[in-house]
Amino acid sequence: MSQIYLPDSAPGLEMSTLAPSPGSLAGMRIAVLDNGKPNAGVVMTRAAETLAARAGAEVSLVTKKGPQGNSANAAVPMARDILQRLLDESDLVITGAADCGSCTAYSVQDTIELERAGIPAVVVTTTMFEPIAKTLSANFGLPQTRRLVLPHPLGGTDTPTLHGWADAATDQLISLFTTGS
Amino acid sequence: MSLDLEPARAVMASDGLDLTLVKVEDEIAHVSLSVVDATCADCVLPPEMLEPILLDLLRPSRPTLAGVRIVDVATEK
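Protein sequences appear in the order of chains L and Y. Take 4 as the starting number for the first sequence in the numbering used here and just add one per residue. Take 5 as the starting number for the second sequence in the numbering used here and just add one per residue.
These are calculated hints, taken from the structure and not from any lab test. It should be emphasised that the depicted structure is a prediction, and the values quoted were computed from it without experimental measurement. Backbone N, C-alpha and C define an ideal beta-carbon position, used for all residues, glycine too. Treat each hint with caution, since some may be false.
Stated by the list, open to error - To give an idea of the interface, some chain Y residues facing chain L are shown, with a C-beta separation under 10 Å as derived from the structure: (1) V15; (2) M16; (3) D41; (4) C44; (5) P50; (6) M53; (7) L54; (8) L61.
Start from the sequences and build out the full structure, keeping to the hints where you can.
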């Protein structure tokens, strides 16, 4: 009895690698890509500002992920014009917050798109959603995404506490951007 | 062999979901999702993304588990 195999199949997963990590962050332009989740912009902007002051870099762009940066829907990929601005105006990107199911999926997707375009990108997630970010990173083709894990939840946490978490993350951000881990 | 749902339930609860085990058959866990708090309807992932995540969360308590299938999504309120 002969077996007949179909010659077609679903396309395989496109695996990626991280963009090259800079040896130093001095002079780098850091962008913040905000998906509009509560307090995402607060904690990521503070983290970027603290990192820039420490490393001799600058915060060059803070934007929401929707068209023209005027709005954000956490459950869709970043707008094409925003991707272009990030490519034109930044060397490093901090994005998130990945602190729900769909916003984790699309923040991870945005991160991978930036890495594929040559821009090192850190996705900010929380202790609760880090396992999801890890699984989705592998499922989307870049298991080793640069993930900054903050306490959960971001929404509903007061600003001084968020600033404390952001400031405390500076060493880890430097490591994520310069070594990938 | 037992299956500990709690790690998965804790994560799902953050998105306003609860998780119930329907059965395990041929090492595939069949689970039902209930929407208990729909304040973030957009937060919920589609089943094709959620199933591998649930597998990763459930497998520590049952290493032989081969897959997760979401068989029902119910809205409680």
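Run through the hints listed earlier and report the numbers of any the structure violates, in increasing order.
Those not satisfied come down to hint 3.
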